[in-house]
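J.: Heads up, the sequence shown is in the UniProt record's numbering, so the first residue is 1 and it goes up one at a time.
Hints should not be assumed to be uniformly reliable.
Okay, derived cross-link-like pairs now, DSS-like style, lysine-lysine, Cα gap no bigger than 25 Å in a straight line [to be verified]: (1) K76 <-> K35; (2) K233 <-> K258; (3) K97 <-> K35.
Just so you know, these hints were derived from the structure itself, not from any lab.
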Amino acid sequence: SMSIGGWSMSNGFHETAASDAARKVFAKGVVKLFKQFPMFSEVDIDWEYPNAEGAGNPYGPEDGENYALLIGELRKQLDAAGLSNVKISIASSAVVKTLGYSNVNALLEAGLYGINVMTYDFFGTPWAESVTHHTNLKALEEGGWGVDTVVGHLLSEGFPAERINIGYAAYTRNGRNAELESLSPLKGTYSPGTGTTVGSFESGTTEWYDIIYNYLDLENQKGRNGFNVYTDKVADADYLYNPDSKLFMSLDTPRTVKAKGEYAASLGLGALFTWTIDQDNGVLV
Numbered sequence: 001s002m003s004i005g006g007w008s009m010s011n012g013f014h015e016t017a018a019s020d021a022a023r024k025v026f027a028k029g030v031v032k033l034f035k036q037f038p039m040f041s042e043v044d045i046d047w048e049y050p051n052a053e054g055a056g057n058p059y060g061p062e063d064g065e066n067y068a069l070l071i072g073e074l075r076k077q078l079d080a081a082g083l084s085n086v087k088i089s090i091a092s093s094a095v096v097k098t099l100g101y102s103n104v105n106a107l108l109e110a111g112l113y114g115i116n117v118m119t120y121d122f123f124g125t126p127w128a129e130s131v132t133h134h135t136n137l138k139a140l141e142e143g144g145w146g147v148d149t150v151v152g153h154l155l156s157e158g159f160p161a162e163r164i165n166i167g168y169a170a171y172t173r174n175g176r177n178a179e180l181e182s183l184s185p186l187k188g189t190y191s192p193g194t195g196t197t198v199g200s201f202e203s204g205t206t207e208w209y210d211i212i213y214n215y216l217d218l219e220n221q222k223g224r225n226g227f228n229v230y231t232d233k234v235a236d237a238d239y240l241y242n243p244d245s246k247l248f249m250s251l252d253t254p255r256t257v258k259a260k261g262e263y264a265a266s267l268g269l270g271a272l273f274t275w276t277i278d279q280d281n282g283v284l285v
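Turn these sequences into a full structure, and let the hints steer you where they fit.
T.: The following block contains the structure:
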């Protein structure tokens, strides 16, 4: 699959989707790419986000309708170029309200095949109001953020189960100065302050190869360097916490990835995917 857009490269979608001429130019460019690189069989449109704030991108209430027009033009030009075998997917928010702005049923009618739901980043510093999980399978409360909430929404909307893919994370989301009131269900506070939070390259984000050397002893199923590993049975999610440094780290582990795989299989979902493969060392995959 070839992905177009993303968190840092979605600034052009709002205006492109709004213009018939721009939609045609965009679709023509995608066709050219697939002619040049025939090993790809799917194009994934990663607009973050239609009618919702992303990384400072323009957006508006017309985005949902225009998104369907963009997908329709792309499908039309791919077919006309003899590329009817190329599938169109989107990467979407896992927050039901934000996802709703995309109007996935209209996208299906326009030619969308599948959806990659970004079921991670439910927690992050410094924007999160309190400690919680960043990629939990089950919501801590009815309708709360979690894989089961967004998948249940898509299925209730009639989206084909086999075309829904859910994500797992190869990185943590961290919070410092954390105080945990409850371990399962997880409940607590943190204070990001004005400085950076522990991370591999990005503040508050630790990558998996760093995790297993410095924070998590997988072989013995325990934490390293003062960290303890916990399982929130309500959310079906794991996390690390150091009671001395007060650092909280929400993450996927082999156990939670397996749980997500079993969940996907039980509902007949399409597959699991990860963000990002380069952060893993083969343990999660």
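J.: Against this structure, judge whether each hint is valid.
T.: Checked hints:
| no. | hint | verdict |
| --- | --- | --- |
| 1 | K76 <-> K35 | holds (15 Å) |
| 2 | K233 <-> K258 | holds (14 Å) |
| 3 | K97 <-> K35 | violated (36 Å) |
Checked against the numbered hints above, the structure violates only hint 3.
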